[in-house]
Amino acid sequence: MHLGRVIGTVVATEKTPNLEGIKFLIVQPLSRDGEPSGRPVVAADAVAMAGPGEMIYFVGSREAAQAMSETFVPIDHAIVGIVDQLHVEPLPKTKRKPKQ
Amino acid sequence: MHLGRVIGTVVATEKTPNLEGIKFLIVQPLSRDGEPSGRPVVAADAVAMAGPGEMIYFVGSREAAQAMSETFVPIDHAIVGIVDQLHVEPLPKTKRKPKQ
Amino acid sequence: MHLGRVIGTVVATEKTPNLEGIKFLIVQPLSRDGEPSGRPVVAADAVAMAGPGEMIYFVGSREAAQAMSETFVPIDHAIVGIVDQLHVEPLPKTKRKPKQ
Amino acid sequence: MHLGRVIGTVVATEKTPNLEGIKFLIVQPLSRDGEPSGRPVVAADAVAMAGPGEMIYFVGSREAAQAMSETFVPIDHAIVGIVDQLHVEPLPKTKRKPKQ
Amino acid sequence: MHLGRVIGTVVATEKTPNLEGIKFLIVQPLSRDGEPSGRPVVAADAVAMAGPGEMIYFVGSREAAQAMSETFVPIDHAIVGIVDQLHVEPLPKTKRKPKQ
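Protein chains in written order, with the working numbering: chain A, 83 to 182; chain X, 83 to 182; chain U, 83 to 182; chain V, 83 to 182; chain E, 83 to 182.
No lab work stands behind these hints, which were simulated from the structure alone.
Glycine included, C-beta positions come from ideal geometry on N, C-alpha and C.
There may be inaccurate statements among the hints.
Said to hold, decoys possible - If you only want the chain A side, here are some residues facing chain V, beta carbon under 10 Å, derived:
1) 119
2) 135
3) 139
4) 142
5) 162
6) 168
What the hints assert, rightly or not - One-sided excerpt, in silico: chain A residues whose CB lies under 7 Å from chain X:
7) 92
8) 93
9) 123
10) 151
11) 154
Please put together the full structure from these sequences, using the hints given.
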């Protein structure tokens with residue numbers, strides 16, 4: 083999974099039938115120090131409790147569909163957890179090793 | 083899924099048999115602020131209503147085939163929704179945190 | 083799928099048994115304006131008619147195997163169409179919007 | 083698989099039911115010379131013995147779920163081995179060849 | 083598949099049971115002109131004959147497991163061919179086209 087932050091919402095009237103009733107949120111992936119990193123993704127809210135501003139983790143690729151109650155759906159990103167606590171070790175202070 | 087914009091069309095006479103009859107569009111992925119980001123992809127139009135210039139979201143990887151009426155097809159990107167409304171929160175104004 | 087151009091061939095005597103008899107080509111992915119972009123890939127020729135210099139589109143990930151007559155094969159990129167016509171809209175002339 | 087180093091832990095009270103009881107760790111992918119490279123991922127600890135600071139290798143995408151005792155889970159990264167020894171050849175000293 | 087070169091070996095005592103007996107090698111992906119490009123990966127040796135220094139091609143994602151005798155394994159990269167001959171066309175000399 084990847085760490086991300088919910089940064090928005092998206093509404094689509096025309097969509098494939100098997101996506102009806104699923105809530106989608108815009109999620110910004112985060113770097114090691116919690117900063118935005120890369121393109122945002124449109125993720126299904128599989129925990130059904132995520133809201134704007136929250137830090138979450140999301141699953142990508144094939145396994146995202148396993149997070150839904152109906153698994154044969156065209157979904158490739160799903161929010162599967164809301165982060166309560168995160169501990170990340172500081173980057174080592176050692177200077178960069180020479181190329182091996 | 084990823085946000086994108088339909089930027090073109092592609093015609094192929096020679097293709098694998100299981101792709102006959104499927105409409106393909108060129109889709110440009112978008113960054114957080116709606117700008118082109120990265121390489122365009124060739125996506126199947128699973129909503130059958132997407133046209134040039136429209137903002138859409140598309141599914142990638144294995145799950146794209148789930149968007150089609152026939153799911154055992156060699157398709158890895160499919161347009162599954164046409165965006166009506168998009169709300170993205172502004173980037174936080176806080177200055178970059180020190181490395182944790 | 084992704085747009086690419088056939089740029090070469092590869093011969094391997096030692097390979098896994100389920101790849102015998104499949105033709106592989108070196109494919110260079112293309113950017114929006116048709117320029118080489120990123121690392122080339124080794125793709126199975128599922129249309130069986132692609133040759134050096136041609137613009138094609140190829141499928142990646144799990145779905146590539148669906149393009150083959152035998153689908154339980156360790157293949158993750160396959161050429162599925164030869165491009166006859168491609169129309170890509172010009173990049174919008176509007177200047178870059180400020181970050182939202 | 084990819085080489086990585088365990089750099090932290092994450093706690094989520096709200097998560098999808100099929101993730102209950104699985105330990106997740108923050109893993110930093112490593113470059114050829116063992117330096118942090120790219121965004122960290124949230125990986126399930128399939129060996130159940132990995133701890134902070136250890137070098138491990140992890141599997142991504144669909145196959146991560148195969149590392150778990152229950153395979154129909156929304157997991158896309160799993161730690162599957164703890165590295166005891168690693169030997170990587172030095173980068174060749176030859177100067178960069180001209181573009182072919 | 084992707085072109086790569088075997089650059090090392092890795093030993094892991096603690097690993098998930100379904101990886102016992104599989105040989106893993108460190109593989110460096112290669113650019114169009116045969117130079118190292120991107121992060122190395124840990125790949126299963128499905129041809130069982132690859133050795134350090136050899137140019138190979140490897141399959142990624144879900145299909146890697148199809149290269150193994152036991153396919154329900156948590157493997158996402160596998161060496162499936164040893165390259166004997168490689169012909170890559172030179173980059174076109176035409177100057178960069180204007181943006182379409």
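Here is what the structure says about each hint:
1. A cut of 10 Å between beta carbons decides the hint on residue 119/A: the least distance to chain V is about 5 Å, and the hint holds.
2. Taking 10 Å as the C-beta cut-off, the interface hint given for residue 135/A is violated, the closest approach to chain V being about 15 Å.
3. For residue 139/A, the interface hint holds, since its Cβ comes within 10 Å of a Cβ in chain V; the closest pair sits about 5 Å apart.
4. Residue-level restraint check for residue 142/A holds (minimum Cβ-Cβ distance to chain V is 5 Å; threshold 10 Å).
5. Given the 10 Å rule on beta carbons, the hint for residue 162/A holds: about 5 Å separates it from the nearest Cβ of chain V.
6. Interface restraint check for residue 168/A: the shortest CB-CB distance to chain V comes to about 5 Å, inside 10 Å, so the restraint holds.
7. Interface hint status for residue 92/A: upheld, as the beta-carbon distance to the closest one in chain X is roughly 5 Å, under 7 Å.
8. The beta carbon of residue 93/A comes within 4 Å of a beta carbon in chain X, closer than 7 Å, and the hint placing it at the interface holds.
9. Taking 7 Å as the C-beta contact cut-off toward chain X, the hint placing residue 123/A at the interface holds, the least distance being around 6 Å.
10. Here the hint on residue 151/A is broken, as its CB sits about 15 Å from the closest CB of chain X, past 7 Å.
11. For the restraint placing residue 154/A at the interface with chain X, the shortest Cβ-Cβ distance is roughly 6 Å, inside the 7 Å limit, so the hint holds.
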